[in-house]
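Dock chain one against chain two, each of which comes alone in its own frame, and use the hints as you go.
So the sequences go chain by chain: A and H.
Each residue of the first sequence is one higher than the last, beginning at 1 in this note's numbering.
Each residue of the second sequence is one higher than the last, beginning at 1 in this note's numbering.
Calculated directly from the structure, the hints in this document are not laboratory data.
The structure displayed is predicted, hence computed values, not measured ones.
Taking lysine-lysine pairs in the DSSO-like style, the calculated list, with each CA pair at most 30 Å apart, reads:
| # | chain 1 | residue 1 | chain 2 | residue 2 |
| --- | --- | --- | --- | --- |
| 1 | H | K69 | A | K71 |
| 2 | H | K69 | A | K31 |
| 3 | H | K69 | A | K68 |
| 4 | H | K152 | H | K69 |
| 5 | H | K123 | A | K71 |
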Amino acid sequence: MAFTNDEVLAGLAELITDETGIDASEVALEKSFTDDLDIDSISMMTIVVNAEEKFSVTIPDDEVKNLKTVKDAVDFITNNQ
Amino acid sequence: MTKRIVVTGIGATSALGGTAPENWTNLLAGVSGTKSLTHDWVEQYQLPVTFAAEASVRPTDVLPRHEAKRLDPSTQFALIAAREAWADAGSPDVAPERLGIDWATGIGGVWTLLDAWDALREKGPRRVMPLTVPMLMPNAGAGNLSLQFGAKAFARTVVSACASSTESIGNAYQHLQDGLADVVIAGGAESAIHPITVASFASAQALSRRNDSPETASRPGAIDRDGFVMGEGGAALVLETEEHAKARGAKIYAVLVGGGVTADAFHITGNDPDGAGAERAVELALQQAGATPDQVTHINAHATSTPVGDPNEYVALRKVFGERIDEIPVSATKASTGHLLGGTGALEAVYTILALRDRVAPPTINMTEPDPAVPFKLSGEAQPLGDGPQLAISNSFGFGGHNAVVAFASYDD
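One chain only, chain H, in its complex shape (with noise of 0.2 Å):
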């Protein structure tokens, strides 16, 4: 029989805040996390991007020292998101073989891993820390969160890049009805604003370049978009079948009521033009939900303001949702967040349950004139979602032809 599993915390840290309330208020408010960066390695480089959205609350200045040293900023970032969903949770009393992790990261450990080269190239193999491996596999993240919470049921990784952590939730979804946990903490996070990787996504020609603009750069949708924005820090939620939840009183945000993840076996970065992984991965997700796109009254697009990505996101849910895709609330909360590789999906993901919760799809800010290929109901302001039974998707997809989608339903006992 299905299990109604339900999120029963939430944390999240990112450049519009450090924790999941000050992110939707600053989110609400059409705040953008975006600027230009005052690191040295900027000029140094001269890079051809020189902005980006950093996470408003870094990490080093929330977690005490000795904690902080020894771990990578992107397991740094997941630390503080699970704590914040864990104690939102009401610290749940739960057996440690029947509490999981399912985690995940695009990336993984890149500064620690570039600061040890630096450190075996000009002080030599002694001064590499013993900590480097540890710290740098992209499975830190897991394996800390189990150490931390006592989560003895399994501690697994999802690197899907920028699908990463909505599959991550979606396979807390799976391993919840196939009663491997009662309980999970679920989602991802990334530090990956980095020298090399701004390097990189600009040369592939991903980012935008609005260097004399950074707040407006990210606009998806918007006819004149010209990338996405790096963005950083994490998100998790507290999942729980709802017979736990309920049997400990706790307070019930939402329903996680499917996930749908596929392939599109097309190109390593590209999307495939048809749109038909994402349309499959939007239809299993619904499937698992039980319901018909007639239902889905929010979608959280991934939408990262690259010029090919967003009408290809469009192709793809007008496949499902026909028409009516011109008429559902949708949010492109990047213009925002930017984007956070293997964190964004964990991030939407709590937009999405708050989104239900308050009833109203988050604002997307930076449209300046939509495009006629991208004719989401997007807005500036954020869109009431009305009184009835809410049921929203969250979209993913990353390099490699990762498609990755997670369905919430709004919670009424």
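So that you can see chain A by itself, here it is in the shape it has in the complex (with noise of 0.2 Å):
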């Protein structure tokens, strides 16, 4: 079963509220990780990893530095299921 980019989304913000404590309603497409979010690379492998779990995906640790926003990680996963 794919997920929606809304699904993603959604499932992505319940992952980082998990890890960060950021409100699940900051987390929006054009934020960057790095400068809106403030997570830090370790939260962010966390994240990752618990998202290939949750997606049924394998996000090749190449990719990571490549995800600069939500936007770019929701594509990721919603192309790569």
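Have a look at this one:
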């Protein structure tokens, strides 16, 4: 079963809240993980690993550095299901 | 010149409560924190010991989830106890470079380590979270407290089993004397009520087996004691030079007058039966305090309720205090709290400080019949300490042959 963009965004927001305490409503597509959401590299890796499990995708380590914004992550997950 | 090092804040979380005042109230009321464990793993692994003194307030009920999940439970306890102590001290205004951390744990992140091992075996390396090592390392408590309070003078860790957090308080005394900081947060924490540690301590024949009567299982000094009871939690002190405390108008609980640390070089788990190492640790603490044994008015004994350990401690103290040991009000508070391993010394330091403040030795519950080999002056009721100047010691001894003692005096300016 494929997840829609909206489902991925909502699921990702949940993982980000769980990891950082940032309110899910703050997690919008245009937000930068580092500059807007202040997520450090260790938290980012935790979120990535949890997202892999949640959405049954593989996000290669080399790809993680390209995920600058929430939209980058949502697009990657949606396109690689 | 020797400085006066004073206690200006205390914090504690254990089976007797989530704060130091709650701990003290329940300790004085003779509450036992030991209960049957309700975890599935007790039955699953057919553990021979089915009870422990678990913390009465789960740290995950206090800390926000995103904060808790980045910390091993032992560090969660550390943070809770240290925050309480810091607030109790009035959140001292101190330059970061003059604030130090002297923390301790006996085992460290055993839950984190073994959860990660499960994840690796069941789901593969990708599921081993990036924070695994920084969470399980024994210095995680010191590191996180340094971050939390912006302490930049130093963040040191003692690991000496059940002596750990008495030793860390002794180190804090020395660091303040040496001028390395003006304020130190000292203490220790442990969260090791895990099937592995229960199984291991049970195999070592160290734990009480009173599965049918957990509340009374920890009975230091009683003739029918049969081992210690595992506890968990943490406790913290805010220590500072008297000069610094007075300049900011802080309330002062007591004076930390000295500490002593020795090693037995005898056996990895057993105590030296002639008590020489423990005796020297008490003597060193008193020497640093500039005091003599006849000035001591209260003792918080290590007294874990093991058949061998309790009389060894008596033998050691008898050598220091002579016949007078039988007259000094002693408290064996592990009867109520269980044994917090690396956190136990700090918790008992908090109790010792409050004993001096209220001039009362807290009760030792569960005394059935006193063992003639352990004739400490223990009582099921609180014992008054009198009106004069008070000097108390708190003892901790650990696997590895570690002996640590700290001495506190009542404060009068």
